[in-house]
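Engineer: Mind docking chain B on chain A? Use the hints.
Sequence order for the protein chains is A and B. To convert, note that position 118 of the first sequence is 117 in numbering that gives the first Met the number 0; the numbers rise steadily by one, no gaps. To convert, note that position 222 of the second sequence is 221 in numbering that gives the first Met the number 0; the numbers rise steadily by one, no gaps.
If you're looking for bench data, these hints aren't it; they were derived computationally from the structure. Please note that a few of the clues may not be correct.
Said to hold, decoys possible - Calculated pairs, EDC-like style, for lysine to aspartate or glutamate (alpha carbon to alpha carbon, straight line, at most 16 Å):
hint : chain 1 : residue 1 : chain 2 : residue 2
1    : A       : 395       : A       : 426
2    : B       : 56        : A       : 450
3    : B       : 60        : B       : 225
4    : A       : 175       : B       : 97
5    : B       : 231       : A       : 454
Because the structure is a prediction, the values reported are computed rather than measured.
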Amino acid sequence: MNLGDQLRMLVVLAFRSLWAHQVKSAIIGFILVGGTFLVVLFGALLSSIEGSMSRSITSSMSGHYQVYDANAEDELALFPGFSFGSVDIGEIPDFAKVEKSLLQVDNVRAVVPMGITIGTVFGANEIDHVLESLRNAVRDGRSDDVKVLGERVRVIAQSIYGDMEARAAISSDPEKVARQRDALNLVLSEKFWDDFETDPLTALDFLDANVAPLAADGRLLYLRMIGTDPQQFKKEFEGFYLVDGEMIPEGQRGLLLSKRTYEKLIKNLCARDFDDVYHDVKLGTKLSEDTLLQEKVRRISRQYQRILFQLTPEDSAEVATKLREFRKTQNVPETEPDDIAAMVQWLLLVNDENIDENYKFFYDVIAPKMNLYEVPVGQEVILRGFTQSGYIKSVKVKVWGTYEFSGLESSDLAGAANVMDLVTWRELYGRMSDDQKAELDSIRETVGVQDVSREDAEAALFGGGGELEVAAVPDAPVFDEFAGANLKRGEEEAALNSFDPATLHQGLALNAAIILKDPSGEAKALTDLKAQIEKDQLGLQVVDWQKASGIVGGFLMTMRGVLYIAIFVIFLVALVIINNLMVMATLERTPEIGTMRAIGAQRWFVMGMFILEMLVLGLVSGVIGSIAAAAVVLWLGSTGIPAPADIAVIFFGGDRLYPVISAMDVIFGIGLIVFVSVLSTLYPAFVAARVAPVVAMQGKE
Amino acid sequence: MMSLKRVLLVSLLAMTMHAEFALAAPSDADMKTMLVTIDDRQQNNGDYKSLVYIEQKEKDKSDLVYQAVVYRRDITDKLVILFLKPQAEAGKGYLRVDNNLFMYDPAVGKWERRTERERIGGTGSQRSDFDQSRLAEEYTPSYTAEEVLGKYTVHHLELTAKRGVDVAYPSVQLWIDTATNNVLKRQDYALSGKLMRTTFYPEWQKKYSASKKAEVYFPKEIRIYDEVEKGKNTTVVMQEVDLNSLDDSIFTKAWLESKSR
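Next up, chain B with everything else stripped away, as it sits in the complex:
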């Protein structure tokens, strides 16, 4: 459980952040705080369940369309993605336990260990797009500039993965709205420096969590553009979000298997 002291500190920082950042380029500590705020806003002390729609469009190929349910227990870093539709894909799922991502296919009744860069259901989305945000834990920030994105003023940060942390991309560029401290744009880079994908977060929703006793933020819509395979993009829409507690058994292989048996 997040300590009361930490909640108060983060809330205080969040309230004062806008004024501070507008005056000058943020210090290392400010940027760290920015990331902590982003992470904490999205974290729920209790559980998290969302109904998501995933659509991938690719030039000259059929669209991929899924409806899935995502279960999260942030306190133990557990995550389940279970595909509900279309019928042919229903019952397939992912389970994250600690640093392992397992995939289950009911057609063959088998589990496979997958990597951090697994394309969820073959789309451009990855596990991290559905999981809780761990930016402060995984990356070290540095400031690039204050910029304009559409009609919004944004902080442009460069994040470098910390040593020993297993992340899909070692380098990330982040554009954070100066007014609301929400991430609006993210670009992921490979170790070689090649831009791999660009992600946009055009709308954030916040919902009161009884367990957190604060609001939990989540992106209503995520637009992911593949920068390697041009013309390939994935849209994730959080259709519903529920912050009530979930059964312990959900975060096990046996539960995921049972849903399709």
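Okay, chain A solo, but in the shape it has when bound:
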């Protein structure tokens, strides 16, 4: 027989053998189909996740690569993870130089400067807001506003007064409560407001000191700020889009809050909780069956004052009238209390039946009269930061609008980033200039304080035994505290609301996003970028979007690791099972093999027969497994997999993942299964090839 005949014979024998040992073939085939199904399915899912993530992250904040200080103490993490602690990623002192250099790399389209820092916003309580407005109105001589705001103060004072009974009941200091009641009585008297007209500043100080502290404390909001060139950010990150307000104009200071932060952190607490309840009910939760949601509703209702405090007397009267009419349509008995406090509490105490109407009434009638957001779009906000120099820096910046990243709208992690111009960000970051350092040195020199460590303090300060008491120089001249000090804010500082847009790309940044012209050329771009950094000695490191994304990239790597381990385990088990089955089959087929060997079959022929047998089984199983996996992926691709948690929203690039399957997923799956099949047959085939004809024909091994 020539080689062709022998090969044909091998194929025939392989199929005959598969058919002859149907049970064994079915078991092995089933294992291989299952293995292929899992490999192809999970491989396709992971590829889809990587693709979605890549699109959503590179088009939102990271770009294709990020560069930052090569000697940074910490790693860059665009997504903050579970803590808001500050990280030290070093600095890029001269961004212009970096930008100029990296733009020389062929595939680089843009280099976007960035800096991350945490700013705090002091969310004052309602009366603080009103008193501040009242103080400004007094200062500016706006008498109409003073009147309206004065009325609001009285409404709030009246409301606080209503709580005094409860406060007195739980207070351990009745005298203190009595003093508070006296202060409120005074503010509610006509005399107070008559006096206010003659001496408003004293009256305002009294309100600040004695009435405002009686209201609930304001909140301190922590906001993650990304300083950048807003115009370039919008242009280069395709996922970015404006939701409310307008874009920060070129050359102007400004802040864009993420819509998520705006709705989940900055919105009036009562309204925000009401939104949550409404959405839960819309998603199918029954209020009557969910005790947690019921408790939330009760809590919202208890916080009705957060709404009332914001209404002027005129607005309150109008809302009360409309609420009375509305309650009639809801069949509320007329015997129920109809003061505004009781009616607003009723409105908020929703159930499955009235939630739609009450929610609509709240947003149609009450919300337009409130400041729904502590930091409303279009107004200025005070941001405070602990600067790099240690001083506390406050900056006033306008909130121009809110924005979202396409696909990441419901992600808290992605929604944690608020975008501001880099000029304002640099102030908040507050690196000390050389002039400022010199000024500190000169102040320090005038006093000359010796440094004493904690350990040495007692010995250094009290070990000398000198006089503890010293009499000051009598009749010393009165000092002038303002000599040499300049407290006036320069005009130039006030004029800094606008700036030359070019300054955004000059000076300090912490990191920068690299946007490629052609993302498919990533690998070469990375090499070129590294070479360019080396050539111009920029002292930077380059990381890809996965590494730059911090916790998110870490999760993806973990997922990939878990998948690979799972595949390895699956195939190890399959390999052992198939190997055992084949060894057993070999033993069963010893006489047959012996006969073949006796009539002239070479060892390679026997080995080939076994390997070919598994190759055929592997191929057929691989195809069946791949078809099954593809069918599942196609089905999931049409229905989508809902993101179960916030981090999954980023993985999925949206609320649902619509997986796709690629030829590569299938080829990889089938290739892997064929490889494992062949590998698992090698030993049994080797055993079979060693069967001696004589022994086999004797019925022994």
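Structural biologist: Structure of chain B alone, referenced to chain A:
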């Protein structure tokens, strides 16, 4: 105004205190008197103005350096701290009215209400370090032991905050020089019992006050060591003190705002 009777009583007690304390552990009344003496010595019936230097050192961080002026009107419990230098911080200030502490930042023209534990200018110092002493009013003392601090013999007292009094620390350990009745060392504890900071007063100055008709004491230097963030310490130096009367308008928000406008 402090009554003449009270001034005489305190003076008499101060004169006899050293001899009494050296004989035996002081009684509750003695300790109360000690605190009253410390408070009264530092109180001025009229006004108080001082030029202070504040420096904070922290490991691996830039130093914070301020020069500020402190205005006090003890009789009405009012206090103003106005930062003069460095230029970037000039015009920032604090105003205490009754039990409220307000902070003003001229860069944004806004007031914020701050708590008792506000770190003044981000340093380890607090409002109480610049304000009049209110130990007797705020705390109940108990005696620990007579101890030695460097070359000085001291009374070691433990103070517990009285109910309903708003203080930064509910528990304080105090070391008082037996010879001069000056506080030399103070340790502040959180409610949990954790030591938060240690303060040393290595030198006291006294200056005659015409309005009080007696001397007013003030620490020339205060060394504050953060016991939570090790390696962080703040030094406050009273560079100048003036006890002449001040204008009423100083203790208002409008005045503080006007200084930087």
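Engineer: Are the Cα atoms of residue 175 (chain A) and residue 97 (chain B) separated by 16 Å or less?
Structural biologist: Roughly 13 Å separates the two Cα atoms, so the pair holds.
Engineer: Hint check: residue 395 (chain A) vs residue 426 (chain A), CA-CA at most 16 Å. Holds or violated?
Structural biologist: Holds, because 11 Å separates the two Cα atoms, which is no more than 16 Å.
Engineer: For the pair supplied as a hint, residue 231 (chain B) and residue 454 (chain A), confirm whether the alpha-carbon distance does not exceed 16 Å.
Structural biologist: holds, 12 Å
Engineer: Next pair to validate is residue 60 (chain B) with residue 225 (chain B); report whether the Cα-Cα distance is within 16 Å.
Structural biologist: Since the Cα atoms of residue 60 (chain B) and residue 225 (chain B) sit roughly 15 Å apart, the hinted pair holds (cutoff 16 Å).
Engineer: Holds or violated: residue 56 (chain B) and residue 450 (chain A), Cα atoms, limit 16 Å.
Structural biologist: holds, 9 Å
Of the numbered hints stated above, none is contradicted by the structure.
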